[in-house]
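Colleague: Kindly produce the complete structure, drawing on both the sequences and the hints.
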Amino acid sequence: MPDTLAVGQVVAAQEYRITRENLVRYAGASGDFNPIHWNDRVAESVGLPGVLAHGMLTMGLASRLLTDWLGDPAAVVEYGVRFSRPVVVPDDDDGVAVHVSATVTDVGDDGLVGVELAVRVEDQKVLTQARAVTRPPKNDTEGVAAPLG
Amino acid sequence: MAIDPSAVGRIYPPQPYEVSREKVREFAEAIGDANAVYVDAEVARKYGHRDVVAPPTFAMIPVMRGFDLLMADLGIEFARVVHVDQRFTYTRPLVVGDRLETTTTLDAIRQVAGSDLLTIVNDVRGADGDQVCIAQATLLIRPEENANA
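Protein chains in written order, with the working numbering: chain A, 1 to 149; chain B, 1 to 149.
The set of hints was computed from the structure by calculation and includes no laboratory data. Careful: at least some of the hints might be erroneous.
Stated by the list, open to error - As a list, the in silico EDC-like pairs of lysine to aspartate or glutamate whose alpha-carbon atoms are at most 20 Å apart:
#	chain 1	residue 1	chain 2	residue 2
1	A	Lys138	A	Asp110
2	B	Lys23	B	Glu42
3	A	Lys138	B	Glu22
4	B	Lys23	A	Asp110
5	B	Lys23	A	Glu21
As the list claims (entries may be wrong) - To be clear about the criterion: a stretch of chain B counts as covered by chain A if any three or more of its residues have a C-beta under 8 Å from a C-beta of chain A, and this derived list gives those stretches:
#	region
6	19 to 28
7	31 to 37
8	42 to 53
9	87 to 93
Idealized CB from N, CA, C, for every residue including glycine.
Modeller: So, in structure tokens, the structure goes:
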């Protein structure tokens, strides 16, 4: 990792997958049991193309890119997204691939770093205006463990 | 029927939420974030935290309690709600053992193509009244007659 961060620098990129199992786990963990996130019959009855990932699950997945990069998740000072397009999760073992990349948009005099996330499924942006303000990464700070995964 | 515009400015009673170790672990696993800071207090202390911290989007769980109050008050069924955007701004991280109080304010209502767009601000504070996080959301409320369209 370079010592200084530059505007326009892509600091991380990763593909994540969401399967139906992930939806069930997220429903339980978050308490959001809306059936459009686990029941095909209900999803279709309200005109959806299929069972959808919770927007907050996609937002949470995208945040992994930040927290892996930063080391300390608490270095995320601000994080916001717009849920621009639903993520349909097929009923199979592969699920859907969500591609996330993070680009530095601002390095402030106060040391805070502005980051824009690109979050897409195939060629479609599923989150837009996905932006974070973070403290600089500390993964390699002496005496501080790197993240496990 | 549209949401009563005079509801703008309505403030809902603070909702308690205690951040527990097992819920933080469960939530981190559900989004697949394997950062040790969510589960290992020793690692968290190396980053200067008093105990393990919660992922950046974990604040949605206490925030949902405020949404529930607001929706009950305005007579909005969950099936009509579309989450448009969400932003968290942290003064400090959520730490295990935090006894939070979340106060929800209906900040604005706009009408767009027959739907109501609600801007909701959730002020998440610690037991001493110290500010922890401001969460801002836009929810789109579809008109009742189209709820099952």
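Colleague: Now look at each hint and say whether the structure bears it out.
Modeller: Against the structure, the hints come out as follows:
With a C-alpha separation of about 16 Å, the suggested pairing of Lys138 of chain A with Asp110 of chain A holds against the 20 Å cut-off. For a cut-off of 20 Å, the pair hint linking Lys23 of chain B to Glu42 of chain B stands: about 18 Å separates their Cα positions. For the suggested pair Lys138 of chain A and Glu22 of chain B, the alpha carbons sit about 26 Å apart, so the restraint of at most 20 Å is broken. Taken as a hint, the Lys23 of chain B and Asp110 of chain A pair is broken in the structure, with Cα atoms around 34 Å apart against an allowance of 20 Å.
Between Lys23 of chain B and Glu21 of chain A the CA atoms are separated by roughly 18 Å; this keeps the pair inside 20 Å, and the hint holds. Interface restraint, the region 19 to 28 of chain B with chain A: holds (3 residues with C-beta to C-beta distance below 8 Å; minimum three). Counting residues of the region 31 to 37 of chain B whose beta carbon lies closer than 8 Å to any beta carbon of chain A gives 7, which reaches the threshold of three, so the coverage claim holds. Coverage of the region 42 to 53 of chain B by chain A holds in this model, with 5 residues showing a Cβ closer than 8 Å to a Cβ of that chain against a need of three.
Using a Cβ-Cβ cut-off of 8 Å, 6 residues of the region 87 to 93 of chain B lie near chain A, which meets the minimum of three, so the contact claim holds.
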